[in-house]
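Number of protein chains: 4
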Amino acid sequence: MDLGSVKRNLEKKEGTESASLINSMPSQVFDPFILHGLHIDLVERGRLICSMKVPPRLLNTAKSLHGGATASLVDLVGAAAIATVGSPLTGVSVEISVSFLDAAFVDDEIEIEAKVLRVGKSVGVVSVEIRKKKTGKIVAQGRHTKFLAVPSKM
Amino acid sequence: MDLGSVKRNLEKKEGTESASLINSMPSQVFDPFILHGLHIDLVERGRLICSMKVPPRLLNTAKSLHGGATASLVDLVGAAAIATVGSPLTGVSVEISVSFLDAAFVDDEIEIEAKVLRVGKSVGVVSVEIRKKKTGKIVAQGRHTKFLAVPSKM
Amino acid sequence: MDLGSVKRNLEKKEGTESASLINSMPSQVFDPFILHGLHIDLVERGRLICSMKVPPRLLNTAKSLHGGATASLVDLVGAAAIATVGSPLTGVSVEISVSFLDAAFVDDEIEIEAKVLRVGKSVGVVSVEIRKKKTGKIVAQGRHTKFLAVPSKM
Amino acid sequence: MDLGSVKRNLEKKEGTESASLINSMPSQVFDPFILHGLHIDLVERGRLICSMKVPPRLLNTAKSLHGGATASLVDLVGAAAIATVGSPLTGVSVEISVSFLDAAFVDDEIEIEAKVLRVGKSVGVVSVEIRKKKTGKIVAQGRHTKFLAVPSKM
Chain A
1 MDLGSVKRNL EKKEGTESAS LINSMPSQVF DPFILHGLHI DLVERGRLIC SMKVPPRLLN
61 TAKSLHGGAT ASLVDLVGAA AIATVGSPLT GVSVEISVSF LDAAFVDDEI EIEAKVLRVG
121 KSVGVVSVEI RKKKTGKIVA QGRHTKFLAV PSKM
Chain B
1 MDLGSVKRNL EKKEGTESAS LINSMPSQVF DPFILHGLHI DLVERGRLIC SMKVPPRLLN
61 TAKSLHGGAT ASLVDLVGAA AIATVGSPLT GVSVEISVSF LDAAFVDDEI EIEAKVLRVG
121 KSVGVVSVEI RKKKTGKIVA QGRHTKFLAV PSKM
Chain C
1 MDLGSVKRNL EKKEGTESAS LINSMPSQVF DPFILHGLHI DLVERGRLIC SMKVPPRLLN
61 TAKSLHGGAT ASLVDLVGAA AIATVGSPLT GVSVEISVSF LDAAFVDDEI EIEAKVLRVG
121 KSVGVVSVEI RKKKTGKIVA QGRHTKFLAV PSKM
Chain D
1 MDLGSVKRNL EKKEGTESAS LINSMPSQVF DPFILHGLHI DLVERGRLIC SMKVPPRLLN
61 TAKSLHGGAT ASLVDLVGAA AIATVGSPLT GVSVEISVSF LDAAFVDDEI EIEAKVLRVG
121 KSVGVVSVEI RKKKTGKIVA QGRHTKFLAV PSKM
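Here the protein sequences line up with chains A, B, C and D, keeping their order.
The numbering of the first sequence is the UniProt record's numbering, which starts it at 1 and goes up by one.
The numbering of the second sequence is the UniProt record's numbering, which starts it at 1 and goes up by one.
The numbering of the third sequence is the UniProt record's numbering, which starts it at 1 and goes up by one.
The numbering of the fourth sequence is the UniProt record's numbering, which starts it at 1 and goes up by one.
Wrong hints could be hidden among the right ones.
[Unchecked claim] Not the full set, but computed from the structure, chain B residues with beta-carbon under 10 Å of chain D:
(1) Asp102
(2) Phe105
(3) Gly142
Calculated directly from the structure, the hints in this document are not laboratory data.
Quick reminder that beta carbons are idealized off the backbone N, C-alpha and C, glycines included.
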C-alpha cells in the first residue's frame with residue numbers, strides 16, 4: 001500500500017463519522033465498552049468462566065472480533081480471575097500476550113475461561129482461552145502477568 | 001477478594017450505567033474508539049510515528065491508559081506500519097505481546113513508534129513502542145505478528 | 001552491578017573452564033543436550049506428555065532449571081506435538097513465549113504437556129505446560145507458533 | 001506425521017549417539033554451552049552489544065541457529081544488560097518472548113544488542129535484538145522480564 005493510503009486509512013479509522021459520539025464518551029468507559037453483554041457462568045478460586053455474544057461494536061474491518069478487543073478480554077477476565085485467589089482487583093499489568101487462532105463473527109457465542117497459573121506475593125499469572133461455544137474451536141489463547149504488590153514497589 | 005465481590009465487580013464494569021450509550025454504538029466502532037485523536041507525524045517505508053493525548057475514554061479504573069487500549073494501539077499502529085511495506089491492510093493477526101513499563105495519565109502526550117522487523121510473503125512482524133513525549137519514558141513495548149497471505153491459506 | 005563486573009561475569013559464563021569440552025561438541029548437539037533423559041509418556045493426535053528428571057547440565061547459576069532450557073523444551077516438545085496432527089517435523093518457528101512460574105531443582109521430576117491449539121495450512125500453535133510431578137505445581141507455561149508451509153513461502 | 005514417527009523422532013533427538021558425552025557434562029554447563037565464543041563489544045548503563053559466530057553445536061535439524069539457543073541468548077544477554085543498571089545478576093525470570101525473523105547459519109557473524117526498557121525496584125524489562133553483522137538483517141527480537149527483588153517476595 002502506498003504511504004498516502006496508509007495515512008488516509010489510519011485517519012479514516014481515526015473516525016470522523018463517529019467523532020461526536022466518541023467525544024461524548026465518559027471517562028473510564030473502556031471497561032463497559034469491552035464487557036457489556038458479558039455473563040459470568042462460573043466463579044471459583046483461581047478459575048472464571050464467562051460467556052458473551054460477539055457484539056457489532058467489537059468487530060474489526062474484516063467483521064470479526066477485533067484483536068484489540070480480544071486482548072482486552074484477556075486483560076480484564078484474567079485480572080478478575082487473579083482477584084479470586086485473594087488479591088484485590090488492583091495491581092498493575094506487566095505483560096499480556098495473545099495468540100489468535102480463529103475468527104469469531106457477530107453474534108457468535110464465545111466462552112472465556114481464565115485459569116490462574118500462579119499468585120504469589122508480588123506476581124500473578126493467568127491463562128485465558130476464548131472458545132466458540134457451539135464448536136469448542138479456540139478463538140484465542142493468552143496470558144496476563146500482573147504485579148500485585150503496591151505499584152510504588154514495582 | 002471474595003468470589004461474590006469479583007462477580008459484582010466484573011458485572012459493574014460490564015456497565016449498567018453506560019448501557020444505553022453502549023447499546024447505541026454502531027458496528028465496527030472499535031477502531032475509531034481507540035484511534036480518535038491520533039495524529040500521524042511520520043510515515044515512511046517500514047516506519048510510522050503517531051502521537052496522541054491520552055483521552056478519558058481509554059482510562060482504566062486506576063485512571064491510567066488501559067492495558068487493553070495499549071494492546072489495541074500495538075495492534076492498529078503496528079498493522080498500519082506493515083502496510084507501508086507494500087502489503088495491503090488486510091491480513092490476520094497471529095500474535096500480539098505487550099510489556100507494560102510505565103503508567104500514562106489523562107492528557108499525557110504519548111508518541112507511538114512502529115518499526116517493521118520483517119515482511120515476507122506470508123508473515124509480517126512489527127515492533128511498537130509507546131513513549132511519553134515530555135520525558136521519553138517508555139510506557140509500553142510490544143510486537144505484532146500478522147499472517148499476510150490470503151486468510152484461507154492460514 | 002558495575003560495568004566491569006557485568007563484562008567479567010558474562011565472560012566467565014562464556015566458559016573458559018569448560019572450553020575444551022564445549023569445543024569438542026558435535027554439530028547439532030543442541031537437541032540431545034536439551035532432551036537427553038526425556039521419556040515420552042503419551043502421544044496422541046494433538047497432545048503429547050513427556051517426563052524428565054531435571055539434569056545437572058540444565059541448571060542456571062541459581063541451581064534451578066535454566067530459563068533457556070525451559071524455552072527450549074517449549075520449542076521442541078511443542079514442535080513434536082504439532083507434528084502429531086499431520087504436519088511433518090519441518091516448519092519454522094515464528095514466536096515462542098514463556099511465563100516462568102516456579103523453580104524446579106536438580107532431580108525434580110517434571111512433566112511436560114503439549115496441547116495443539118491450532119494447525120492450519122500455514123500456521124500451527126501449541127501450548128506447553130511444565131509441571132512438577134510430585135505436587136502438580138506449574139513450573140512454566142508457554143506457547144510456540146510455527147510456520148508450517150515451505151519456508152520459502154514465509 | 002504418524003504418532004510412532006513422532007515418538008521415534010523425539011527419542012532419536014533425545015540422543016543415544018551423544019549419550020556418553022552428554023552424561024559426562026558438568027553441572028551448570030548450560031551458560032557456557034550457549035555463550036562460548038561470545039564477545040562483548042560494548043557495555044554501558046542499560047545497553048550491551050555482543051557478537052558471536054554461530055557455532056555448530058547451536059544448530060537445529062535445519063542447520064540454522066536453534067530457536068532454543070536464540071531464546072537462551074535473549075535470556076542471558078538480556079539479564080546481563082539489566083545488571084548494568086545496578087541490579088545484581090540475581091533475580092528471577094518472569095517472562096521471555098521471542099519473534100524469529102530470519103535464519104542464521106553456521107559461521108554467520110551475529111550481533112546481539114540488549115537495551116533496558118525499565119528497571120524498577122522489583123521489575124526489570126529488556127529488549128534483545130539479534131542481527132546478522134554483514135547485512136543488518138534481523139534474526140530475532142525478544143523481550144525478557146525479570147523479578148529483581150528477593151525471590152521469596154515474588
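Evaluated hints:
no. : hint   : in the structure
1   : Asp102 : holds, 7 Å
2   : Phe105 : violated, 17 Å
3   : Gly142 : holds, 9 Å
The structure shown violates just one earlier hint, number 2.
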